[in-house]
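Asker: For the protein sequence lines, the chains are G and X, in the order given.
Quick note: the first sequence uses numbering that gives the first Met the number 0, first residue 0, plus one each step.
Quick note: the second sequence uses numbering that gives the first Met the number 0, first residue 0, plus one each step.
It should be emphasised that the hints constitute simulated quantities derived from the structure, not laboratory data.
Here the structure is a predicted model, which is why all the values come from computation and not from measurement.
Ideal Cβ placement from N, Cα and C applies to all residues, glycine included.
Hints should not be assumed to be uniformly reliable.
What the hints assert, rightly or not - FRET-style restraints, in silico, Cβ to Cβ:
1. Lys214(X) <-> Asp360(G): 19 to 25 Å
2. Tyr111(G) <-> Phe100(X): 36 to 42 Å
3. Ala4(G) <-> Glu128(X): 54 to 60 Å
4. Gln292(G) <-> Lys214(X): 42 to 48 Å
5. Tyr79(X) <-> Asn283(G): 26 to 32 Å
Residues per chain are reported as follows:
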Amino acid sequence: MKNVADRQNDIISIISKLDISPTMYKNAEEKYKAIATFLQECGIEANMYPQGSFAFGTVVRPNVKDPDAAYDLDFICQVKGDKNKVKPSELRRRIEDALNSSKVYEEKLVTYEECFTIEYADINGIHFKIDIVPAVDESLETICKLKNQSMNPNLLNTAIAIPKHNGDRNYSWITNNAKGFREWFDAINKPFLEASKTLHRQKIFKENSALYDSVEEIPHELYRTQLQRVIQILKYHRDVFYSRFDDGDDIKPISAILNYVVAEISKGYKPYCSVFELLEYVLNELNTYSHRQSLSNTDFVKQFGNRYVFNRVDGKWKIANPANPEDNLANKWNENSRIPKKFFRWVHLAYEDLIKGINVDDDQEFRLILENSFGVKNVKDTLGKKYCRIEMPKPIIPQFAAKPFRKS
Amino acid sequence: MMLTIETGMQQVEALLHSYNGIHIEEVSDDRISLKGTITVNREALNFHLYKDYDIQIVIPIEKEELPYVIDVGNQIDVHYPHRYVDGRLCLETDTHIEMRFLDGFSLISWVDEYVEPYFFSYEYYQKYEEFPFGERSHGWMGVVETYSEIFNEKDIYKTVLLMKAIFMGNYRGHVLCPCSSGLKYRKCHGILTKRFYIDDRLKNIVMQDYELLLKEVKLQSE
């Protein structure tokens with residue numbers, strides 16, 4: 000007798016295991032604050048803060064093929080200064096020199112074209128990397144210009160300028176608004192947070208009583224709302240799906256897209272919903288947008304109303320960054336037609352797996368759906384042999400496998 | 000490669016032992032026909048397939064023909080490019096299979112290495128719209144691609160030149176490699192092609208394929 004609620008909880012359990020643990024969260028917090036303090040001591044007046052999935056609370060283990068891969072936690076290191084008075088390459092050098100001046104950081108530091116990475120080993124042997132993007136304040140001139148174009152002008156007050164690599168170690172400033180994006184997300188997440196806080200508080204406190212003296216101490220970043228869980232479930236399902244293609248990393252929808260579209264779609268949804276109610280709603284909406292592939296903007300709007308999360312006018316895809324009107328999150332979609340095509344294929348499969356799949360009668364069939372959605376190992380590590388009625392499958396080695404043919 | 004009624008039945012018995020859902024349907028002078036259900040339980044690339052398929056396996060006897068499988072359960076979409084109208088499934092090039100079983104055909108290994116992966120490829124393709132292990136081009140191009148892999152030569156034209164070299168005569172390591180690398184054959188593709196000159200069984204396969212290639216190309220240019 001299938002138990003749908005049980006199955007849903009099992010999926011959330013699998014995803015929880017892929018999330019960062021409270022211990023790692025606390026550890027990462029200590030580490031990044033230490034870096035900020037150190038830079039201060041080096042004479043760099045910097046404000047360091049989380050961005051991206053770490054800021055949104057939607058981190059999942061980064062690498063499907065390598066379960067021991069380090070978690071990537073993204074940060075902005077915003078230095079006081081006028082972007083017209085300092086060159087991006089100079090700022091990078093200042094920070095790099097400061098970090099290299101410390102024995103501790105020097106050996107852990109890796110310099111990339113657009114960020115600095117410091118890798119740490121966590122207590123439980125899981126690694127995490129702190130990726131630092133240097134930044135300065137964006138100019139008032141640029142902020143004004145962007146405000147005029149924006150649906151949410153107040154968000155632009157926190158706009159920054161970050162170095163963009165143009166090849167050959169040549170850099171220019173480009174606008175970014177990590178804080179604004181986070182502010183936007185937190186506003187949408189708030190009602191969900193209020194609704195689920197009471198439920199989760201006691202549970203988290205019980206599980207982490209070694210870390211916190213009282214319930215009140217637990218940072219709200221450790222509660223995962225329904226919105227955050229939906230984003231995490233979709234992110235990992237995405238990762239497993241795209242891991243199957245050679246160009247998967249190049250064509251998969253970036254986390255910023257998922258963070259944005261899911262939050263925008265969920266805006267105003269009843270906050271006392273379950274994770275799977277919200278997931279079904281989001282996937283239905285995403286599936287509706289797939290019609291934009293074949294319909295003109297006019298025809299799409301006629302049939303489906305003025306849905307604007309994904310736009311496609313005159314054949315050009317646009318997913319507007321709510322915190323930066325000049326940033327089209329879907330600009331790569333217009334360079335490679337494979338990207339939108341595979342995206343909507345993925346959405347379709349996510350619906351099949353996570354909404355329809357939950358309801359299949361046969362437990363074994365459900366187990367297969369879980370494995371194909373989240374990876375055989377992750378399912379085994381969380382659920383053991385639950386739902387499993389068959390023996391282990393025999394692997395096929397791709398390099399030596401037969402290729403289907405046709406004589407004529 | 001040819002199976003006699005005795006060796007054929009031996010192979011069949013071994014197969015039936017591992018695949019309980021299959022039974023012998025018919026035995027005649029020129030073929031053994033098997034029918035039934037196989038359960039494919041395989042995984043690759045984070046995809047796990049567990050499904051039953053109703054099939055017929057035909058094993059030619061006293062003939063230089065490979066066994067083949069028919070999708071009697073109509074579980075492969077008629078539009079799938081690697082399924083013939085009559086339900087026959089095109090598992091791989093004959094070249095690939097013949098080379099695999101150069102030292103003697105094994106029905107069990109054939110099912111394990113060709114039949115099951117065929118169904119796996121199909122289901123994966125239906126779901127993800129891509130072939131998990133790639134696919135061969137149709138016709139003679141697919142055959143040449145098989146040799147491309149064996150000779151480790153990406154260029155189709157150069158692969159054909161290598162096939163031609165084997166077809167034409169004996170191995171001469173000191174001459175320049177037909178691929179135009181400027182290197183001596185024995186320092187270039189000769190390393191991978193040598194066994195085709197020495198082993199008559201391999202040489203025969205190449206010769207058959209090269210002749211087929213000439214015929215096909217001639218037909219096409221007409």
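Asker: The structure should be examined with respect to each hint, and the outcome stated for every one.
Answerer: How the hints compare with the structure:
Taking the beta carbon of each, Lys214(X) and Asp360(G) are about 54 Å apart, not inside 19 to 25 Å as hinted. Roughly 50 Å separates the CB atoms of Tyr111(G) and Phe100(X), a value that falls outside the hinted 36 to 42 Å. Separation of Ala4(G) from Glu128(X) is about 33 Å and departs from the stated range, judged on CB atoms against 54 to 60 Å. Taking the beta carbon of each, Gln292(G) and Lys214(X) are about 44 Å apart, inside 42 to 48 Å as hinted.
Restraint check, Tyr79(X) to Asn283(G): a C-beta distance of roughly 30 Å satisfies the suggested window 26 to 32 Å.
Violated hints, listed in ascending order, are 1, 2 and 3; each of the other numbered hints is respected by the structure.
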